[in-house]
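Following the hints, put chain L in place on chain G, whose structure we already have.
Number of protein chains: 2
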Amino acid sequence: MTKKRLKILVSNDDGIDAPGIQALAGEMKKLGDVTVIAPDKQRSAVGHAITMNYPLRASKFYKNGEFFGYAIEGTPADCVKLAIRSLLPEKPDILVSGVNHGSNTAINIIYSGTVSAATEGTILGIPSIAISLTTYGSEPDFRYAALFARKLAEMVARKGLPEATLLNVNVPAIQKKEIKGVRVTRQGKTRWDDTFDVRRDPNDKEYYWLTGKLEVIDTSDDTDEIAVMNNYISITPIQYDLTDYATLAKIHEWKFDKLLRD
Amino acid sequence: MTKKRLKILVSNDDGIDAPGIQALAGEMKKLGDVTVIAPDKQRSAVGHAITMNYPLRASKFYKNGEFFGYAIEGTPADCVKLAIRSLLPEKPDILVSGVNHGSNTAINIIYSGTVSAATEGTILGIPSIAISLTTYGSEPDFRYAALFARKLAEMVARKGLPEATLLNVNVPAIQKKEIKGVRVTRQGKTRWDDTFDVRRDPNDKEYYWLTGKLEVIDTSDDTDEIAVMNNYISITPIQYDLTDYATLAKIHEWKFDKLLRD
Numbered sequence: 001m002t003k004k005r006l007k008i009l010v011s012n013d014d015g016i017d018a019p020g021i022q023a024l025a026g027e028m029k030k031l032g033d034v035t036v037i038a039p040d041k042q043r044s045a046v047g048h049a050i051t052m053n054y055p056l057r058a059s060k061f062y063k064n065g066e067f068f069g070y071a072i073e074g075t076p077a078d079c080v081k082l083a084i085r086s087l088l089p090e091k092p093d094i095l096v097s098g099v100n101h102g103s104n105t106a107i108n109i110i111y112s113g114t115v116s117a118a119t120e121g122t123i124l125g126i127p128s129i130a131i132s133l134t135t136y137g138s139e140p141d142f143r144y145a146a147l148f149a150r151k152l153a154e155m156v157a158r159k160g161l162p163e164a165t166l167l168n169v170n171v172p173a174i175q176k177k178e179i180k181g182v183r184v185t186r187q188g189k190t191r192w193d194d195t196f197d198v199r200r201d202p203n204d205k206e207y208y209w210l211t212g213k214l215e216v217i218d219t220s221d222d223t224d225e226i227a228v229m230n231n232y233i234s235i236t237p238i239q240y241d242l243t244d245y246a247t248l249a250k251i252h253e254w255k256f257d258k259l260l261r262d
Numbered sequence: 001m002t003k004k005r006l007k008i009l010v011s012n013d014d015g016i017d018a019p020g021i022q023a024l025a026g027e028m029k030k031l032g033d034v035t036v037i038a039p040d041k042q043r044s045a046v047g048h049a050i051t052m053n054y055p056l057r058a059s060k061f062y063k064n065g066e067f068f069g070y071a072i073e074g075t076p077a078d079c080v081k082l083a084i085r086s087l088l089p090e091k092p093d094i095l096v097s098g099v100n101h102g103s104n105t106a107i108n109i110i111y112s113g114t115v116s117a118a119t120e121g122t123i124l125g126i127p128s129i130a131i132s133l134t135t136y137g138s139e140p141d142f143r144y145a146a147l148f149a150r151k152l153a154e155m156v157a158r159k160g161l162p163e164a165t166l167l168n169v170n171v172p173a174i175q176k177k178e179i180k181g182v183r184v185t186r187q188g189k190t191r192w193d194d195t196f197d198v199r200r201d202p203n204d205k206e207y208y209w210l211t212g213k214l215e216v217i218d219t220s221d222d223t224d225e226i227a228v229m230n231n232y233i234s235i236t237p238i239q240y241d242l243t244d245y246a247t248l249a250k251i252h253e254w255k256f257d258k259l260l261r262d
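For the record, the sequence lines run as chains G and L.
Each residue of the first sequence is one higher than the last, beginning at 1 in the numbering used here.
Each residue of the second sequence is one higher than the last, beginning at 1 in the numbering used here.
Worth flagging that the hints you see were computed from the coordinates, not collected in a lab.
From the three backbone atoms N, C-alpha and C, an ideal C-beta is built for every residue, glycine too.
Be aware that one or more of the hints could be misleading.
[Stated by the list, open to error] Below, a list of computed lysine-lysine pairs in the BS3-like style, where the Cα atoms sit at most 27 Å apart:
#, chain 1, residue 1, chain 2, residue 2
1, L, 176, G, 258
2, L, 63, L, 7
3, G, 151, G, 30
4, G, 30, G, 63
5, G, 29, G, 4
6, G, 258, L, 180
7, G, 189, L, 63
8, L, 159, G, 250
9, G, 91, L, 213
[Claimed, not checked] Partial list, derived from the structure: chain G residues whose beta carbon lies under 8 Å from chain L:
#, residue
10, 86
11, 195
12, 207
13, 238
Extracted from the complex, chain G is given alone in its bound form:
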């Protein structure tokens, strides 16, 4: 019995030259045929942006003299749309986005380009995984997160995922032997206590720079944020139906039709 090789699409939001995607693509090649299609430069915190008013360009990107993948002048969601709708000859069996440099937990999920690539894959019918390493330190070691992504991708390829669901994975940036286990989590409610630095440029004109610190307002063990803080790998199934069904059931009594009368 011959096993058909998996067709794997790899993308990210840190850009095609980031070490995280290099580690990920290297691992994924052990599992199947990999195509890398990723932004030409860093596109963090771009949310689920797509490019409609400008053209997209794709160019071949080489690493150490070898063809590595396609660099796209666009967002992570653009890369995945273009890959699946145009560049790839066949639909991939699985999409893996990452390894992101920095966590994508709690409120960060909605700003995340890494998650956005996986969301676009899911919309287009591809089982998809977003994977992040929870450190902002310089030159982190992406190898274990990439290895874990490969094993999880193998499991997902075998079992499938529900039609509109992707997996958002966060791996703590510690030694493998310190990892306590894997926890299936919900998106925590922890958010940013933003502040803006008000500065003046050399021409004495004001500008603002976003900064701030995390406000951990959800300390429950079943959240993504707390799982990684406690040295667990966090896996959160997420989806893109934003309907608030609890409120939907209640809000009918608001008599909105009255607003139509003057």
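Same frame as chain G, now just chain L:
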């Protein structure tokens, strides 16, 4: 008894010079004290992007010789963060984003800058409304949608909204007398059947341009898409917890801990 005037923040994603935000701000002034803080130019389909790696600038924007609001070199979410965290002396009582030129229903919600502004307001604790006029025709009449937004904002200011919920409103672009009523809806599953035009620039280099048509795969009467098609105003309560709780309950049996062993 003196009623305290409402403090209202108005933003959008079509840019501060768009006619939709002018109509909206004009109506909102009948309800309270309005501050307009909006992108300096069109920022459609930017999703929930925020700017972290570049500074933001705010400049005063004048319309017909009068101060209209602050133009921000950033995304809709940037505008709302900067407004609430830095520019405004007090937290606004309500945020209204729009009137968008074009519908924000079904899958479009997750790409929408208009909705993103309202989402950011909700995250920051402000009852928020996104409002869109469902036409892509040129020079549409935003007046009725703006008037409806004002009436709804009055209702929301009185009743409040659940902590993490915003209202996404779509108004069909028809005469007021043709509007059949208001429907409380869920986000439909209708999505884009994307294609990319492959073209060549004057230097004979290839580029890609996103196009496509809506694929109406969810024709249920309780969806936003079908409500506006049938001449109803659609109001969808939405939230930003992306956890797929149904899958979360099931996926525990997957034995992810096995992936940690070699």
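Within a Cα-Cα threshold of 27 Å, do residue 151(G) and residue 30(G) meet the stated pairing?
-> 10 Å, holds
Distance restraint between residue 30(G) and residue 63(G), which requires alpha-carbon spacing of 27 Å or less = Satisfied, since the Cα-Cα distance of roughly 18 Å is no more than 27 Å.
Straight-line Cα separation of residue 189(G) and residue 63(L) no greater than 27 Å?
-> Given that 27 Å is the threshold and the Cα spacing comes to 40 Å, the pair is violated.
For the hint on residue 86(G), just tell me whether its beta-carbon gets within less than 8 Å of chain L.
-> This interface hint holds because 4 Å falls under the 8 Å limit.
May I ask you to test the interface hint for residue 195(G) with respect to chain L, counting a Cβ-Cβ separation under 8 Å as satisfied?
-> Holds. Min distance 6 Å.
For the pair supplied as a hint, residue 29(G) and residue 4(G), is the alpha-carbon distance within the 27 Å limit?
-> 14 Å, holds
Assess, step by step, whether the Cα of residue 159(L) is no farther than 27 Å from the Cα of residue 250(G), and give holds or violated.
-> Roughly 13 Å separates the two Cα atoms, so the pair holds.
Taking only the CA atoms, is the gap from residue 91(G) to residue 213(L) under or equal to 27 Å?
-> Status holds; Cα separation ~20 Å.
Hey, does the residue 238(G) contact hint survive, CB to chain L under 8 Å?
-> Holds, because the Cβ-Cβ distance from residue 238(G) to chain L comes to roughly 4 Å (cut-off 8 Å).
Status of the residue 207(G) interface restraint (C-beta, 8 Å, chain L) | Hint holds; residue 207(G) Cβ to chain L Cβ min 4 Å, cut 8 Å.
Restraint status (C-alpha distance of residue 258(G) to residue 180(L) at most 27 Å) = Given that 27 Å is the threshold and the Cα spacing comes to 12 Å, the pair holds.
Does residue 7(L) lie within 27 Å of residue 63(L) when you go C-alpha to C-alpha?
-> 21 Å, holds
When held up to the earlier numbered hints, the structure conflicts with hint 7 and nothing else.
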